[in-house]
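*Asks:* Residues per chain, in single letters:
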Amino acid sequence: MGAVEASLLELAKLLPRFEDIVELLENEVEARYILRRAADHFAKRQAIDQLNRPEEEEISYLIHALVDKNWERIHSGHFSSVPLTIRKIYALGCYFKQIFFLLLENPSLEQRELCGTVLDEAQLLGCTEELYEKCTELKHALMQYLDERATSNNSLPLPILAAVERRASRCDIPQLEAPSILEFRTSCYQALQPTLLLNTINHWPALSKWRDLNYLLKVAGNRTVPIEIGSNYASDEWSQQLVKLRVFLHRQFGPSNGRADHEIEYLAQHELFAQIPALKADICVPDYCTVSSNNAAGVDIKAWLGPSHTISPMHYDPKHNLLCQVFGCKSIILASPEDTANLYAHESEFLNNTSQIDAAKPDFERFPLLRRVRFYELLLQPGDCLYLPPKWWHYVRSETPSFSVSFWWE
Amino acid sequence: MRQLLFTGFNAFGQHNGSNTDRISGRVTALTEISVPGHDAGNAIIALSWRYTAYAVGTKLWLRGLFNLVPGECLEVEAPASIKALAACDSHCLVLLQNGELYKLPAKMNATLQHIKLETTPTTSAATKRTIFGTPKLARDASHDITHIACGTHINVAISANNAVYSIPSCLHQFPQRQWRVQQLECGHEHALLLNGNGDVYSWGNGLRGQLGHETLAVVETPLLLEALAGIKITHIAAGGWHSVAISAFGDLYTWGLNCKGQLGVRVMKPDGLLKEPTVYPLPQLHDLPDCCGVENDACAPLKVFAGSRHTLLLRSCGRLWASGWCAHGQLGTQPTKLEYLDIFQAVRDTPKGNNYTVFCGPWSSLIALSRNRTVRARMPKFSLYLPYVMKMHVEKKVQLRPKVISALNRYTHTCIEHGRLLICQMPAGASAHQARTNEVVQGYAAHCGLRTRR
Numbered sequence: 001m002g003a004v005e006a007s008l009l010e011l012a013k014l015l016p017r018f019e020d021i022v023e024l025l026e027n028e029v030e031a032r033y034i035l036r037r038a039a040d041h042f043a044k045r046q047a048i049d050q051l052n053r054p055e056e057e058e059i060s061y062l063i064h065a066l067v068d069k070n071w072e073r074i075h076s077g078h079f080s081s082v083p084l085t086i087r088k089i090y091a092l093g094c095y096f097k098q099i100f101f102l103l104l105e106n107p108s109l110e111q112r113e114l115c116g117t118v119l120d121e122a123q124l125l126g127c128t129e130e131l132y133e134k135c136t137e138l139k140h141a142l143m144q145y146l147d148e149r150a151t152s153n154n155s156l157p158l159p160i161l162a163a164v165e166r167r168a169s170r171c172d173i174p175q176l177e178a179p180s181i182l183e184f185r186t187s188c189y190q191a192l193q194p195t196l197l198l199n200t201i202n203h204w205p206a207l208s209k210w211r212d213l214n215y216l217l218k219v220a221g222n223r224t225v226p227i228e229i230g231s232n233y234a235s236d237e238w239s240q241q242l243v244k245l246r247v248f249l250h251r252q253f254g255p256s257n258g259r260a261d262h263e264i265e266y267l268a269q270h271e272l273f274a275q276i277p278a279l280k281a282d283i284c285v286p287d288y289c290t291v292s293s294n295n296a297a298g299v300d301i302k303a304w305l306g307p308s309h310t311i312s313p314m315h316y317d318p319k320h321n322l323l324c325q326v327f328g329c330k331s332i333i334l335a336s337p338e339d340t341a342n343l344y345a346h347e348s349e350f351l352n353n354t355s356q357i358d359a360a361k362p363d364f365e366r367f368p369l370l371r372r373v374r375f376y377e378l379l380l381q382p383g384d385c386l387y388l389p390p391k392w393w394h395y396v397r398s399e400t401p402s403f404s405v406s407f408w409w410e
Numbered sequence: 001m002r003q004l005l006f007t008g009f010n011a012f013g014q015h016n017g018s019n020t021d022r023i024s025g026r027v028t029a030l031t032e033i034s035v036p037g038h039d040a041g042n043a044i045i046a047l048s049w050r051y052t053a054y055a056v057g058t059k060l061w062l063r064g065l066f067n068l069v070p071g072e073c074l075e076v077e078a079p080a081s082i083k084a085l086a087a088c089d090s091h092c093l094v095l096l097q098n099g100e101l102y103k104l105p106a107k108m109n110a111t112l113q114h115i116k117l118e119t120t121p122t123t124s125a126a127t128k129r130t131i132f133g134t135p136k137l138a139r140d141a142s143h144d145i146t147h148i149a150c151g152t153h154i155n156v157a158i159s160a161n162n163a164v165y166s167i168p169s170c171l172h173q174f175p176q177r178q179w180r181v182q183q184l185e186c187g188h189e190h191a192l193l194l195n196g197n198g199d200v201y202s203w204g205n206g207l208r209g210q211l212g213h214e215t216l217a218v219v220e221t222p223l224l225l226e227a228l229a230g231i232k233i234t235h236i237a238a239g240g241w242h243s244v245a246i247s248a249f250g251d252l253y254t255w256g257l258n259c260k261g262q263l264g265v266r267v268m269k270p271d272g273l274l275k276e277p278t279v280y281p282l283p284q285l286h287d288l289p290d291c292c293g294v295e296n297d298a299c300a301p302l303k304v305f306a307g308s309r310h311t312l313l314l315r316s317c318g319r320l321w322a323s324g325w326c327a328h329g330q331l332g333t334q335p336t337k338l339e340y341l342d343i344f345q346a347v348r349d350t351p352k353g354n355n356y357t358v359f360c361g362p363w364s365s366l367i368a369l370s371r372n373r374t375v376r377a378r379m380p381k382f383s384l385y386l387p388y389v390m391k392m393h394v395e396k397k398v399q400l401r402p403k404v405i406s407a408l409n410r411y412t413h414t415c416i417e418h419g420r421l422l423i424c425q426m427p428a429g430a431s432a433h434q435a436r437t438n439e440v441v442q443g444y445a446a447h448c449g450l451r452t453r454r
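Protein chains in written order, with the working numbering: chain U, 1 to 410; chain H, 1 to 454.
The set of hints was computed from the structure by calculation and includes no laboratory data.
Each residue gets a CB set at the ideal place from its N, CA and C atoms; glycine is no exception.
Just to be clear, a hint being listed does not mean it is correct.
Reference listing, derived: stretches of chain U covered by chain H, where coverage requires no fewer than 3 residues with Cβ under 8 Å from a Cβ of chain H [claimed, not checked]:
1. 27–33
2. 124–138
3. 266–275
4. 367–377
Which chain U residues stay away from chain H? Per the calculated CB distances, all over 12 Å, these [said to hold, decoys possible]:
5. 17
6. 65
7. 66
8. 68
9. 108
10. 180
11. 212
12. 215
13. 239
14. 337
15. 360
16. 361
The calculated label-pair distances, taken between Cβ atoms and stated as ranges, are [unchecked claim]:
17. H:57 / U:9: 54 to 64 Å
18. U:80 / H:335: 47 to 57 Å
19. H:223 / U:346: 49 to 59 Å
20. U:284 / H:335: 47 to 57 Å
21. U:337 / H:346: 37 to 47 Å
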């Protein structure tokens, strides 16, 4: 075996010692056995700098098995009821797995990319918060190490989307020009009144930066993100995939995407900003979200990025929602919770918050109760936010390539 | 002593080599292993991810990782002879011959804990009679357990009077008469039940399509699998998040999650990528690859077995076919370095003949060769009334053993020449008893891989 890169050994130093994680593993016999061997192995390796290759391979396999097993545990039962310990063990396992992989396989560029995928999985499925003292440092160092050595991007540059002038449009709900917190609280939040808040996020760096898709590519291109394929999540043809953001951007916005057989893909409802801190720096949580608790920690921030014609069918969410438009326009149709009984929700467990109707073209023959429903239409434009109280029905369709950020809070 | 061949995940020393040597943590070819105890020839075996359980008589061994190091062994003695085991990571369910149910936590120094099941509301149960018409002893059969199964999120038991328990509470009561449990299997979070009629019921978490119902949902109590109703199913298996069944017509069905090719259904998108996500809520009928020659009836599916993310199919000719995840060696020797097979392929180096059974661990497969070399014809028990008179033709000649011939001659109007069953037909007005017997013939024919016609 050739000399291991010094930088890799530096990375390994950021892995936890067994004492750092022993508390987490108290009732986890297998994880304790495997992670103890892995942590001790690296401690020994640092100390005497000599290599026992068969042992290293054996421990690497154990870590591989630990990651696979905890993947299965995370996928059993509802994700929300998976104990945090399991997701933490999964993340720890992923970190060790990558270091072993880089050490043992002397990897090619392609394999390094695979390694980056493991890092993303740790982030997407696992819990990477407060594992041990140096865990954040390790995460960032690994990300940097892999990004620096990632395939150089020789493909054609992505477009820079033009800034568009605000256009006059129909709006069936009240509009407020950047209201004060007090005004927002009384006329929107407490009144449970859907409202279009104009020019409220104009100060976000995101508004000028993200239109240049090459910027997104540079900052986040190597991260793996879940995308939805097919224009509408309630249709049978719909599916999900994990892909590199780079691949998604090129497929949907790249110069070669004029092909007619192209499927619409949507990066929807994804916690992109926890995964990519650089993008988080371009936005800020609007003060409106802290109107109830003064606590920004309880706010779920989700990204919605896609080409034109992505559709979220008529559905509702259980929380307060502030949908902020960074670039592009979205047509939105709303209906009040009072009309729930007239909106023909799907019966299945997955879709019982989703209506069977096409709000853009209501079929009154098939769904006669729809005649009773009052629909509200509006157009969401860059710099604007839509406030939606809990349980309000909404149908969202992008009219152009679009990037929105939503904030959900209780 | 019968031979045991193992392949798959063994990182916790669950299995030792046949000379009690430690074998590798990942076994990637069928390897002979040994069993604890001296007379382990007919050991009952159940595999969980972290340990393997063996029982012989009243003795029970669990071997794996329980505290600190691989290869730890728990040894306990049950109050009566052990009839069946079901293993999951946290505990092992132990069913005794006397119908009592115990559980052994998978921890050092653990002891057997008696499981007290919730009492079912007393029903005005009619007197049970034996086939000879004598009444059976009046005994509360609701706590007399006959079948057990468990997964990481599910524990199921079924009593002699067909009460279904989600241990320890009673979930459902099936008819107490003329209804018999044939097989009970559990995945990580769902259960499958096959009754003597060939109907499949499923319940539990169906969000990955594992229940076979059209809608993805959690189903609290056993629900008839409509998609297979009317097709006589003969054997079933429950994988982690998938399910498998074979029919008396020799067809194979799979449904549920296909993330590692465990359904053996290869579905490509136009651009050549595997379709994701990979959930098939309804049973998929398979067009199996030819086995020993083209369309050979002797290669009909006989039994199915499933692990967390792999599936094994035993065909009547004795060849074992596999699909699904193989990263931990669960499918034995693989010609390629692929992480999974997404279509059924023959397993290498399996024993000759079909005189073996298979146990799937979550990430492993274990083949147990029968002690004797001949294949025993399994005669179904006389417990089905057929409400109609059945005409049955066996389409193909088949070699029968003398014992079977004499049994058939005694009960049915059959024409048997030189040990070959040519035709067997029920006369009009045959008694229910005769009809039941004909069921036996049909069962036998199905067992021989013959297609029968009503």
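*Asks:* Compare the structure with each hint and give your call.
*Replies:* Verification of the supplied hints:
1. Residues of the region 27–33 of chain U lying with their CB closer than 8 Å to a CB of chain H number 3, which satisfies the three-residue condition for coverage.
2. Figure legend: the region 124–138 of chain U, annotated as covered by chain H; annotation inconsistent (0 residues with Cβ-Cβ distances under 8 Å, at least 3 required).
3. With 0 residues having a beta carbon nearer than 8 Å to a beta carbon of chain H, the region 266–275 of chain U misses the requirement of three or more and the stated coverage is violated.
4. For the region 367–377 of chain U, the stated coverage by chain H is not satisfied: 0 residues place a CB nearer than 8 Å to a CB of that chain, which falls below the threshold of 3.
5. Taking the minimum C-beta to C-beta distance to chain H, about 19 Å, the non-interface status of residue 17 (chain U) holds against the 12 Å cut.
6. For residue 65 (chain U), the condition that its CB be more than 12 Å from all CB atoms of chain H is violated, with the nearest at approximately 6 Å.
7. Look at residue 66 (chain U): its CB is around 9 Å from the nearest CB on chain H, not clear of 12 Å, so calling it non-interface is violated.
8. Its beta-carbon lying about 7 Å from the closest one in chain H, residue 68 (chain U) breaks the requirement of being farther than 12 Å from that chain.
9. The claim that residue 108 (chain U) is not at the interface with chain H holds, since no C-beta of that chain comes within 12 Å of its own (minimum 15 Å).
10. Non-interface status of residue 180 (chain U) relative to chain H is upheld: no Cβ of that chain comes within 12 Å, the nearest being about 45 Å off.
11. Look at residue 212 (chain U): its CB is around 28 Å from the nearest CB on chain H, clear of 12 Å, so calling it non-interface holds up.
12. The beta carbon of residue 215 (chain U) is kept farther than 12 Å from every beta carbon of chain H, the shortest such distance being approximately 28 Å.
13. Its beta-carbon lying about 6 Å from the closest one in chain H, residue 239 (chain U) breaks the requirement of being farther than 12 Å from that chain.
14. Consistency note on residue 337 (chain U): stated as away from chain H, and its beta-carbon is indeed over 12 Å from all of that chain's, at 24 Å minimum.
15. At roughly 26 Å, the least C-beta separation between residue 360 (chain U) and chain H is larger than 12 Å, which holds for a residue marked as non-interface.
16. For residue 361 (chain U), the condition that its CB be more than 12 Å from all CB atoms of chain H holds, with the nearest at approximately 26 Å.
17. Range check, residue 57 (chain H) to residue 9 (chain U): about 55 Å between beta-carbon atoms, so the 54 to 64 Å window is met.
18. For residue 80 (chain U) and residue 335 (chain H), the hinted distance range of 47 to 57 Å is not satisfied, since their beta carbons lie about 42 Å from each other.
19. The beta-carbon spacing between residue 223 (chain H) and residue 346 (chain U), approximately 19 Å, falls outside the hinted interval of 49 to 59 Å.
20. One distance hint, 47 to 57 Å for the beta-carbon pair residue 284 (chain U) and residue 335 (chain H), holds here, with the actual separation near 56 Å.
21. At roughly 58 Å, the beta-carbon separation of residue 337 (chain U) and residue 346 (chain H) lies outside the given 37 to 47 Å, and the hint is violated.
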